[in-house]
Amino acid sequence: MKKLVHDRKVCLACAGCVGMCPKMALDMYGLELQIDHEKCIRCGICTNACPAGALKITEADNA
Amino acid sequence: MLDSRYDVIVIGAGPAGSVAARNLAREGHKVLLIEKRERIGYPVRCGEASTTLADLQTYGPIDDSCIESIINGLYIYGPNGVNIEVPKPGTGIMLNREIFDPWLAKLAADDGAQVETCARADFVGDVEGGERMVRIVLGKGNGDGTVTETATQEVFAKMVIAADGVESRIGRMVGLDCLQYPGKTCTGVDIQVQGILTKPDYLTFWQGHDFINDGYIWSFPKQKSNVTNFGAGFLANGKHAGNILEITMEWLEKLFPGAKINYTVGGLIPVSSVLKDYTLDRFALVGDAAHHTNPLTGGGIASAMRAGRFCAQYVNDGLGRGVLSKEFLKQYEKRCYGYFGKMHDFELKFRRFLLALNRDDQIGLYKVLQGFALGGYKKRAFLKTPMQSAKYLYKFWKFK
Numbered sequence: 059m060k061k062l063v064h065d066r067k068v069c070l071a072c073a074g075c076v077g078m079c080p081k082m083a084l085d086m087y088g089l090e091l092q093i094d095h096e097k098c099i100r101c102g103i104c105t106n107a108c109p110a111g112a113l114k115i116t117e118a119d120n121a
Numbered sequence: 010m011l012d013s014r015y016d017v018i019v020i021g022a023g024p025a026g027s028v029a030a031r032n033l034a035r036e037g038h039k040v041l042l043i044e045k046r047e048r049i050g051y052p053v054r055c056g057e058a059s060t061t062l063a064d065l066q067t068y069g070p071i072d073d074s075c076i077e078s079i080i081n082g083l084y085i086y087g088p089n090g091v092n093i094e095v096p097k098p099g100t101g102i103m104l105n106r107e108i109f110d111p112w113l114a115k116l117a118a119d120d121g122a123q124v125e126t127c128a129r130a131d132f133v134g135d136v137e138g139g140e141r142m143v144r145i146v147l148g149k150g151n152g153d154g155t156v157t158e159t160a161t162q163e164v165f166a167k168m169v170i171a172a173d174g175v176e177s178r179i180g181r182m183v184g185l186d187c188l189q190y191p192g193k194t195c196t197g198v199d200i201q202v203q204g205i206l207t208k209p210d211y212l213t214f215w216q217g218h219d220f221i222n223d224g225y226i227w228s229f230p231k232q233k234s235n236v237t238n239f240g241a242g243f244l245a246n247g248k249h250a251g252n253i254l255e256i257t258m259e260w261l262e263k264l265f266p267g268a269k270i271n272y273t274v275g276g277l278i279p280v281s282s283v284l285k286d287y288t289l290d291r292f293a294l295v296g297d298a299a300h301h302t303n304p305l306t307g308g309g310i311a312s313a314m315r316a317g318r319f320c321a322q323y324v325n326d327g328l329g330r331g332v333l334s335k336e337f338l339k340q341y342e343k344r345c346y347g348y349f350g351k352m353h354d355f356e357l358k359f360r361r362f363l364l365a366l367n368r369d370d371q372i373g374l375y376k377v378l379q380g381f382a383l384g385g386y387k388k389r390a391f392l393k394t395p396m397q398s399a400k401y402l403y404k405f406w407k408f409k
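Protein chains in written order, with our numbering: chain A, 59 to 121; chain B, 10 to 409.
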């Protein structure tokens, strides 16, 4: 099972990923990104949108 | 505390939202302006360069505290050392958005709009009984930029204006296609560097095959603060997947070794040119959410403010007459298209043309443009290189 992972330390809180997510699975509240893993289709568009490389799709071990 | 009914709810307190809210509040309407962040204008997601002061001041004088410096020209480093200098006194200004955005919102508040921060629009409903419901999540700022939710409230308004920027969630909630598509959007980073790196009253760019062909690198000096916004914007099409910050850092090190970095911000820039459809019954998008940004330069402050004003004008008119149908609000779209949209469509074509050229052709085009700039921007400057000029004009005309 793949999973979208967000690195808070690298994130610039620019919300670029929010605007490009086709499923509206992302939202920025305050300076924190919220991911709705149920809506996420792991398409990877947000990982390209992120200028800082804070978003990655990884193989989750036990999902 | 929120009331349960307003004439207009404006979502997002950036330049577009604040201008729209202020102009409507001025006309005596009951306006609520909500911003989900704790501090308006923070974090800045912008290179902070804008077009002429006159362009921004159609809205009223801009307070001196917001202005970093006046820009008197552009310098563009092109491919193969073909550089273009464009001296033009007063061609732009450098803003301090951390001051500018809250200042604009304060003007709206001074004119009677209710401004709420830490307030996020969670849902916008369909029109029912001449109103739209907006579900607002209220929160409390923790001082470090994070927000803790405290309450949820349903508020009704005769008109909803969404100025929620590139995130463009609100428009999508009500069924508009305002998604930022890969290939039609730029990802950018802006690194604030201590000191002035390039000519203080010039905007400096690096573009083309020798630098970044999918966008450009910029250096915008902020004189008052003695810092420079150094950054780059690329098309977010996956070619540079996830390492735009890294590439920009590399260029900074290459061009200005040892530069002292204060902090880094990021952002997305819609470069698709204006959306074709961004109004509904009792609903309109404005600013970045409606892709009101220049698809060549990525600039959008002036057009967002202009759009905010146009939007307020038609909404005021509509509230007076009791019509706020999609058909009526189309006039606002038309006004924006006439004012800057048409130009943006042209600039979109030019950008696509420029980026599609191979290195040799790009050098040729830069030479033609360089001649034009040296010749004082007179059309007859093109006649000095008639063959080349004609070649590119023809190519551009044929370009689809």
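These are calculated hints, taken from the structure and not from any lab test. Treat each hint with caution, since some may be false.
Said to hold, decoys possible - Derived pair list, reagent style BS3-like, types lysine-lysine, alpha-carbon separation capped at 30 Å:
#1 Lys60/A with Lys149/B
#2 Lys193/B with Lys97/A
#3 Lys67/A with Lys285/B
#4 Lys115/B with Lys97/A
#5 Lys81/A with Lys193/B
#6 Lys149/B with Lys97/A
What the hints assert, rightly or not - Every beta carbon over 10 Å from chain B, so not counted as near; a handful from chain A, in silico:
#7 Lys60
#8 Val63
#9 Met82
#10 Asp85
#11 Met86
#12 Tyr87
#13 Asn106
Remember, it's a predicted structure, so these values are computed and weren't measured experimentally. Even for Gly, the Cβ is constructed at its ideal location relative to N, Cα and C.
Structure-based check of each hint:
About 34 Å separates the Cα atoms of Lys60/A and Lys149/B, which puts this hinted pair outside 30 Å; it is violated. For a cut-off of 30 Å, the pair hint linking Lys193/B to Lys97/A stands: about 23 Å separates their Cα positions. For a cut-off of 30 Å, the pair hint linking Lys67/A to Lys285/B is broken: about 38 Å separates their Cα positions. Between Lys115/B and Lys97/A, the direct Cα distance comes to roughly 37 Å. Violation of the 30 Å bound is thereby established for this hinted pair.
Taking the CA atoms of Lys81/A and Lys193/B, the gap is near 18 Å; set against the 30 Å cutoff, the hint holds. Simply put, Lys149/B and Lys97/A have alpha-carbon atoms about 27 Å apart, close enough for the 30 Å limit, and the pair holds. Separation of Lys60/A from chain B is adequate, the least Cβ-Cβ distance of about 16 Å exceeding the 10 Å criterion. In this structure Val63/A is separated from chain B by more than 10 Å, as the shortest Cβ-Cβ distance comes to about 12 Å.
Distance check for Met82/A against chain B: the nearest CB is about 6 Å away, which does not clear 10 Å, and the non-interface claim fails. Not every C-beta of chain B lies more than 10 Å from that of Asp85/A, the closest at about 7 Å, which undercuts listing it as non-interface. The beta carbon of Met86/A is not kept farther than 10 Å from every beta carbon of chain B, the shortest such distance being approximately 7 Å. Against the 10 Å criterion, Tyr87/A falls within the reach of chain B, whose nearest CB is about 6 Å from its own CB.
Listed as outside the interface, Asn106/A is inconsistent with that label: its C-beta sits roughly 5 Å from the nearest C-beta of chain B, within the 10 Å cut-off.
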